[in-house]
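Going by UniProt numbering, the sequence shown opens with residue 1, and the numbers climb by one from there.
Worth flagging that the hints you see were computed from the coordinates, not collected in a lab. It is possible that some hints are incorrect.
Here are the in silico distance ranges between beta carbons for each label pair [to be verified]: (1) Asp65 with Val108: 32 to 40 Å; (2) Ala44 with Leu199: 15 to 23 Å; (3) Pro36 with Ser125: 38 to 46 Å.
Glycine residues also receive a C-beta, built at the ideal position from the N, C-alpha and C atoms.
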Amino acid sequence: MRSLVLVAAGGLAREALTVVDAAGRHDCVVAVDDDPRRWGRDLAGRRLGDPTGAMVIGGIDQLADLTTSEVVVCAGRGSTRRTLVGRLARLGVTADRYARLLHPGVPVPASCTVGPGSVVLAHVSLTSDVQVGAHVVLMPQVTLTHDDVVDDYATLCAGVSLGGGVHVGSAAYVGMNASVHPGRTVGPGATVGMGAVVLEDVPAGETWVGVPARPVRATAGARR
């Protein structure tokens, strides 16, 4: 029997479960979360006895006893996923136990790679020579084109489009329907706002918004 544990029982876990159900590769799926209000309920909050999805069986430390299950961390923020992966390592969860959740309707060309622990939802498009790291989240309608690199723990929200040769850094967050000009870089930990059009490199840790995208501090200054 192939079992899977989803870590963090929020909205992303519910979305990940749709991929699990579509792929049909796991016989048993449960979730763990440190919020005791979620325990004994399914991911939609229904109590045991009326479950329609994976049940939340207890806190995250239970993974110390679930030594044969595959694991996917479903926290929405990349920095939180990174913290949880470190915590799970201390519980004995090794890198080879992380599953890759790839919707079966998303073809991955031979020249492209998707790392362990990553969640790729329906209607994502990867064209050629795309590298997606570990524990990355790609929401529906994300488009990745030739030579794009998406580093570990990055999050690309629904409708994001990257031109060719774009590099998205570790734990960066690109908001819904944002687009990035070919060859540009979104630095580690940076945030790109919804609908932004990125024409320049976004430095690490900065937040850029607008059309064309500008740093938040510059936008605020212009309004004064």
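Hints versus structure:
{"no.": "1", "hint": "Asp65 with Val108: 32 to 40 Å", "verdict": "33 Å, holds"}
{"no.": "2", "hint": "Ala44 with Leu199: 15 to 23 Å", "verdict": "41 Å, violated"}
{"no.": "3", "hint": "Pro36 with Ser125: 38 to 46 Å", "verdict": "40 Å, holds"}
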